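If you read the protein sequences in the order shown, they are chains A and B.
Mapping of the first sequence onto our numbering: position 181 corresponds to residue 181, and the numbering continues sequentially without gaps.
Mapping of the second sequence onto our numbering: position 36 corresponds to residue 36, and the numbering continues sequentially without gaps.
Don't read these hints as lab results, they were simulated from the structure.
Hints may contain errors.
To be verified - Here are the computed distance ranges between Cβ atoms for each label pair:
hint, chain 1, residue 1, chain 2, residue 2, range
1, A, Gly-187, B, Gln-57, 33 to 43 angstroms
2, A, Ser-130, B, Gln-57, 25 to 35 angstroms
3, A, Val-360, B, Arg-72, 44 to 54 angstroms
4, B, Asn-54, A, Val-46, 44 to 54 angstroms
5, A, Thr-181, B, Arg-72, 29 to 39 angstroms
6, B, Asn-54, A, Trp-364, 22 to 32 angstroms
Please read these numbers as outputs of a predicted model, since none were measured by experiment.
Even glycine gets a Cβ: it sits at the ideal position worked out from N, Cα and C.
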Amino acid sequence: MADSNITLDPTHNPDAPAAPLRRSLALTEDWWAVWLGLGIIILAYVFYLAGSSISWIAVSPTKWSTFPELATQLSKNGIRYLALLAAFLVLFTIVVSFIGQKAKAFIPAFIFIFILSTIIYIAGNWDQASKYNLEPPLVALLLGLIISNVIGLPRWLDAGFRVEFYIKLGIVLLGATLPFTLIIWAGPVAILQASIVSIVTFLAIFFTARKLGLDQRLAAVLGAGGAVCGVSASIAISGAVRAKKGDPPIAISLVVFWAIIFIFALPLIARALHLPTGVGGAWIGTSEFADAAGLAAAQSYGGLAGKGLGISGTADQALASYTLIKVIGRDIWIGIWALVLALISVTYWERSETNSKVQVGQIWWRFPKFVIGFLVASILTTLIVHGNSLAEYNKVVKPGLITPITSLRTWAFTLSFLSIGLTTRFRELANAGIKPFIAFTVGVIVNVILGYILSVIVFGHYWSGVITH
Amino acid sequence: MKILNSLQRGNAEPACEKCAHFHNDPAHIEEVYRGLTTMSSGFASVRDRDGICNYHQLYLSARDSCQRFTSRMPA
Numbered sequence: 001m002a003d004s005n006i007t008l009d010p011t012h013n014p015d016a017p018a019a020p021l022r023r024s025l026a027l028t029e030d031w032w033a034v035w036l037g038l039g040i041i042i043l044a045y046v047f048y049l050a051g052s053s054i055s056w057i058a059v060s061p062t063k064w065s066t067f068p069e070l071a072t073q074l075s076k077n078g079i080r081y082l083a084l085l086a087a088f089l090v091l092f093t094i095v096v097s098f099i100g101q102k103a104k105a106f107i108p109a110f111i112f113i114f115i116l117s118t119i120i121y122i123a124g125n126w127d128q129a130s131k132y133n134l135e136p137p138l139v140a141l142l143l144g145l146i147i148s149n150v151i152g153l154p155r156w157l158d159a160g161f162r163v164e165f166y167i168k169l170g171i172v173l174l175g176a177t178l179p180f181t182l183i184i185w186a187g188p189v190a191i192l193q194a195s196i197v198s199i200v201t202f203l204a205i206f207f208t209a210r211k212l213g214l215d216q217r218l219a220a221v222l223g224a225g226g227a228v229c230g231v232s233a234s235i236a237i238s239g240a241v242r243a244k245k246g247d248p249p250i251a252i253s254l255v256v257f258w259a260i261i262f263i264f265a266l267p268l269i270a271r272a273l274h275l276p277t278g279v280g281g282a283w284i285g286t287s288e289f290a291d292a293a294g295l296a297a298a299q300s301y302g303g304l305a306g307k308g309l310g311i312s313g314t315a316d317q318a319l320a321s322y323t324l325i326k327v328i329g330r331d332i333w334i335g336i337w338a339l340v341l342a343l344i345s346v347t348y349w350e351r352s353e354t355n356s357k358v359q360v361g362q363i364w365w366r367f368p369k370f371v372i373g374f375l376v377a378s379i380l381t382t383l384i385v386h387g388n389s390l391a392e393y394n395k396v397v398k399p400g401l402i403t404p405i406t407s408l409r410t411w412a413f414t415l416s417f418l419s420i421g422l423t424t425r426f427r428e429l430a431n432a433g434i435k436p437f438i439a440f441t442v443g444v445i446v447n448v449i450l451g452y453i454l455s456v457i458v459f460g461h462y463w464s465g466v467i468t469h
Numbered sequence: 001m002k003i004l005n006s007l008q009r010g011n012a013e014p015a016c017e018k019c020a021h022f023h024n025d026p027a028h029i030e031e032v033y034r035g036l037t038t039m040s041s042g043f044a045s046v047r048d049r050d051g052i053c054n055y056h057q058l059y060l061s062a063r064d065s066c067q068r069f070t071s072r073m074p075a
């Protein structure tokens with residue numbers, strides 16, 4: 001067993017190389033999602049100001065009903081899809097090279113996932129798709145799961161399946177379609193609702209885990225996973241409380257297991273209850289764990305609006321309320337959670353192997369930086385749109401600026417949803433054990449019920465009135 | 001308050017990050033923690049510069065330190 005000295009060794013870093021602190025600030029996936037997302041928005045605006053649009057390259061399939069019709073559409077737009085693939089490939093390869101991944105593996109993997117995403121995007125625009133429940137996010141996830149678990153893919157292809165990078169880029173682009181006034185208006189409610197659910201869920205998991213005899217740190221890692229932002233929260237809290245090396249995989253397995261079930265279950269239940277899309281999105285935002293998983297569920301549910309199923313609202317309302325709850329209400333507080341739990345950990349749980357000081361700076365170090373891009377994108381487009389009449393907006397601004405950005409956002413989300421499926425290998429997930437499973441499941445139940453009460457009964461009127469661009 | 005005594009303001013010099021027992025390369029973390037990339041990432045901000053200490057078998061901050069520090073720098 002390792003020794004248990006608390007004292008800081010004064011000789012530990014006399015001539016060590018400069019720590020890559022500044023580099024890590026600039027070269028995380030989060031920052032690249034910000035630069036890329038805002039770059040796309042600025043480019044779109046420059047084209048718009050010049051009387052043009054990026055819509056040529058921001059191609060997306062239109063509705064089709066027969067194969068000859070689809071063939072005509074593809075032969076007409078094939079070159080645009082190739083141009084989009086080339087643009088994504090160049091930009092993303094630059095990103096992965098900078099953050100230290102292998103471009104050689106990324107390029108073929110990305111071409112593969114782009115082709116699959118195109119097929120899914122096209123299938124989702126078949127005019128009979130909703131009749132067969134072919135919601136693109138669910139199809140992407142299911143197809144990915146089948147390929148990775150039944151057929152199997154070489155592991156090196158994972159280089160192109162960057163769930164988090166794609167979803168963060170998509171969220172920054174999503175910011176461009178949300179009025180900043182909406183964030184100001186609904187933000188406090190999102191924070192209040194999400195905070196209530198997060199704290200209650202965390203306590204439910206933590207104390208159940210403790211009652212079952214689990215270590216405090218593992219209990220905290222599980223609690224954060226269920227209460228804040230899934231796997232990202234678990235890994236952040238693991239570092240903050242100095243968890244055992246084997247603790248994060250337990251949380252990862254449980255979060256992935258429940259998150260995948262909820263991607264299918266939450267839209268299904270919301271549909272059965274005929275929740276308006278804004279309300280359904282808020283509930284999903286409160287109850288799903290990971291950003292990508294929740295967006296898959298929210299986009300899937302939003303896609304059911306206006307299809308004669310008794311679901312009111314628009315597709316964008318589901319995404320807007322989901323994002324407000326999840327990103328503004330939950331994600332941005334991870335640094336605070338980390339700080340508080342780190343303080344409790346070193347003060348009361350007394351891990352003795354290492355130096356036990358807690359640094360306030362982690363509130364910023366762990367802050368999910370892509371949220372900054374999301375907010376800046378919202379402010380930018382709100383300023384751009386400001387001063388246009390509704391008629392001008394619908395005739396000029398929306399088709400020239402907002403719609404192409406929305407199209408690129410959908411591509412980013414589709415790449416992410418497909419990547420979830422392609423990287424989920426059930427046999428590789430750690431065996432969590434029955435006690436962690438019980439503790440986490442108790443939190444899941446509390447979370448879903450409390451989330452429903454707050455999203456539907458207490459704040460339902462709020463979420464059903466969410467307005468998007 | 002007792003709990004506030006543990007606070008350290010400012011950015012202390014990283015210690016574990018320069019230790020031979022400590023590994024925080026994002027690709028390595030993704031390799032060790034299979035499933036991490038499914039709904040998160042080794043390259044995400046929330047992970048800061050945390051890593052695995054193979055001596056103590058802990059997942060901890062690069063800013064931690066202990067008396068078992070072994071420099072990676074050649075002597």
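Status of the hints after comparison with the structure:
no.	hint	in the structure
1	A:Gly-187 x B:Gln-57: 33 to 43 angstroms	41 angstroms, holds
2	A:Ser-130 x B:Gln-57: 25 to 35 angstroms	51 angstroms, violated
3	A:Val-360 x B:Arg-72: 44 to 54 angstroms	28 angstroms, violated
4	B:Asn-54 x A:Val-46: 44 to 54 angstroms	50 angstroms, holds
5	A:Thr-181 x B:Arg-72: 29 to 39 angstroms	51 angstroms, violated
6	B:Asn-54 x A:Trp-364: 22 to 32 angstroms	28 angstroms, holds
In this structure, the earlier hints numbered 2, 3, 5 are contradicted, and the remaining ones agree with it.
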